[in-house]
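S.K.: Chains A and B supply the protein sequences, listed in that same order.
Quick note: the first sequence, position 392, residue 392 per the working numbering, numbers continuous.
Quick note: the second sequence, position 60, residue 60 per the working numbering, numbers continuous.
Calculated from the structure, these hints are not laboratory results.
Backbone N, C-alpha and C fix where the C-beta goes; we use that ideal spot for every residue, glycine too.
Any given hint might turn out to be false.
Claimed, not checked - Rough simulated footprint, nothing fancy, chain B against chain A, three-plus residues with beta-carbon under 8 Å:
{"no.": "1", "region": "72-78"}
{"no.": "2", "region": "84-95"}
{"no.": "3", "region": "108-114"}
{"no.": "4", "region": "217-230"}
{"no.": "5", "region": "319-326"}
Here is what each chain is made of, one letter per residue.
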Amino acid sequence: MSSTTSTQTPAPSLHIALVGNPNCGKTSLFNQLTGSRQKVANYAGVTVERKEGFFTTPNGRAIRVLDLPGAYSLDSTSPDEDVTRDVCLGRHRSEPQPEMLVAVISATNLRLHLRFLLELKQLGLPVIVALNMMDEARRNGLQIDVAGLQADLGMPIVPVVSLNRAGVVPLLQALDLPLPAPPDPLPAGIDPHMEVRRLLATYVVDPSAGTDRLTDRLDRLFLHPLWGPVILLVVLFVMFQTVFAWAQPLMDGLDSGISTFGQIVLKPLPDGILHSLLADGVIAGAGTVIVFLPQILILFLWILALEESGYLPRAAFLLDRLMALAGLSGRSFIPLLSSFACAIPGIMAARTIQNPRDRLVTILIAPLMTCSARLPVYTLLIGAFVPHRTILGIFGLQGLVLFGLYAVAIVSGVIAARVMTRGVKSEEHPLLLELPPYRRPNLKSLALGLWQRAVMFLSRVGTIIVSLNVLLWALSSFPLPPAGAPGAAIDYSLAGRIGHLMQWVFAPIGFNWQICVSLIPGLAAREVAVSSLATVYAIGATDDGAADKLLPLLSTQWSMATAFSLLAWYVYAPQCISTLAVMRRETGSIKTVLWAAAYLFGLAYLAAFLTYHITRAITGVP
Amino acid sequence: MRLSRVKVRAAEPAPYYRGTELMLYLDTLPKGAHAVIEKIEQRAPLDPIATRLEELGFVPGEAVQVVATGPMGRDPIAVRLGTSRFALRRGEAARVGLRTAA
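If we strip away everything but chain A, and leave its shape as in the complex, we get:
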């Protein structure tokens, strides 16, 4: 695969791959090189997707770079490491062997990273070593004889700081040079650990003896048997309170902005089909969902910051025994926490779980972790049906209910996992998780991560959500009712008929036909259900502009039992085609997906049924 490369300028294009241990700063280096917008994190194994980028060196050489998943060894123990091993060895079925490797190692953790580097010497590929985090190493007083180490290893070493653009310039310059000769493999009989020890003793002076005082001190607190779990609980609780409380003013602002916008656009239009399409289909539809942007971004901000700071693997440590009760290990915690943002990255992050059974169970319960797309539905219903009251002076009742919904979902996930792992006897689940040093989250990469999320969310609003709403508007508007017919127009439309048909199934759990109609587009994206309700009710209502009044409208039209039943349904229902699709891709089994959908729908129906009837009994509404 590798071709001989000539040295004229501009040199021919080059295909390289970034290889390195987890937490070596590989992803942030990739971002600096390609300018691609991804998240950088401190968690072992964030790079699970195939990531490719393109950039040009100062001399105009075009470079294609592949960001390989972080690995500790080519002797792989997870699907993630399989990819790295296969690509490096040129055995991957769809990925050609790169012409050169850029091995990323962190100066702050040479003992671990040099060992993997020695393994890479055996591949017979040219290697450039990017010695990352040199700034941090210098601050710790670490001195590295780079020239000596480079000569000894037989590979060029380029010191880099992947946190800023200037820090990667030396690597860009090195990529303009002719390819280095492949290093000689380690002679047989030399133990790589002994070799690492020799290299460290010869070329590195470390006055701190490797102690990271800040990390030691923080670990004493965060991993404390009592304070550790207390802090974790407080963090999670504050996280959900802020999602509800901080977002409110922003959401109110957006809301009034959208209705002003709607009035300006709609004013010159005469009443009729076009007016109705824009008002009820597009603006009511998109508007009701855009309002939730602040909430989703605040949740993502939390998850990104926790990931980047290095706290997440500590949470996995604290929760390992709890996860063991569910038959899983602490490793499942990180994919599951990501699933609170969205089940799709969560299911993909499950690739870092080595044990195949743990991995499958984690994937199956990931949709139970309340993803951010459910928030719009929760917020709407809680806002409409739970009084705005304060408990014990500090906790909002609405926030408590939201917390409760998350808690119910988690407990259900634990029980589901327990049931799925029953009867499978005591085979060993490795935890073996690296606890990286604590780092202050990088503001730039947090901002990039949030920006990515915002763009993704808004483009969904712009494409799927608006087109689904227009479709739904059409379904709810046509055929038109006969002239002079009594009742609402939507009763005569296609959507009304579909809704009435579905009601046969959903009446026992208290859903009216408007809910049934809105569940259909909700399959493409959960949050669409809110805008669909707006569309259905805007058209169903006799006066115009009812979309702005969805909240008070629901609280008068629905019984509390119906609202709570819908909440319970949303805790469980796998109403997201994308999640099922990614499950299919990750497990390679359509049977698994069907089984997952069946068990989740079954749970949803059961939970909604119980909620509906219990609430009716308590509130005394027949």
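Given chain A's structure and the hints, the job is docking chain B onto it.
M.R.: Positioned in the frame of chain A, the structure of chain B alone reads:
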């Protein structure tokens, strides 16, 4: 779907075998104490956990320290090994034989 049919990598739970000589193991090292690794024991032929431990740098001659224990049943444990830190379950740590630092 029955999960027990899913293929699982062979990691047979070998009997908790401890040899005859007096040796301290990482799972029983008290919090805060320092020790030096003597050997890594295989629980089965080609024990993947033992192999991974070695790849992570748990090799004879390295110094280790238990920095934290889990909140429930003192499991898992957090271990400092040179510049890195790892979380290990006790079963994993039980493969690491130690001699106490002189």
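S.K.: A separate judgement is required for each hint: does it hold in the structure or not?
M.R.: Quick rundown of the hints versus the structure:
1. For a cut-off of 8 Å, the count of residues in the region 72-78 of chain A with a CB near a CB of chain B stands at 4, and the three-residue condition holds.
2. For the region 84-95 of chain A, the proposed coverage by chain B is not satisfied: 0 residues have a C-beta within less than 8 Å of a C-beta in that chain, short of the threshold of three.
3. Counting residues of the region 108-114 of chain A whose C-beta lies closer than 8 Å to any C-beta of chain B gives 5; at least three are required, and the coverage claim holds.
4. Counting residues of the region 217-230 of chain A whose C-beta sits closer than 8 Å to any C-beta of chain B gives 8, which meets the bar of three, so the coverage hint holds.
5. Coverage of a stretch by a chain is defined here by at least three residues with a beta carbon nearer than 8 Å to that chain's beta carbons; for the region 319-326 of chain A and chain B the count is 3, and the condition holds.
Against the hints set out earlier in the document, a violation occurs for number 2 only.
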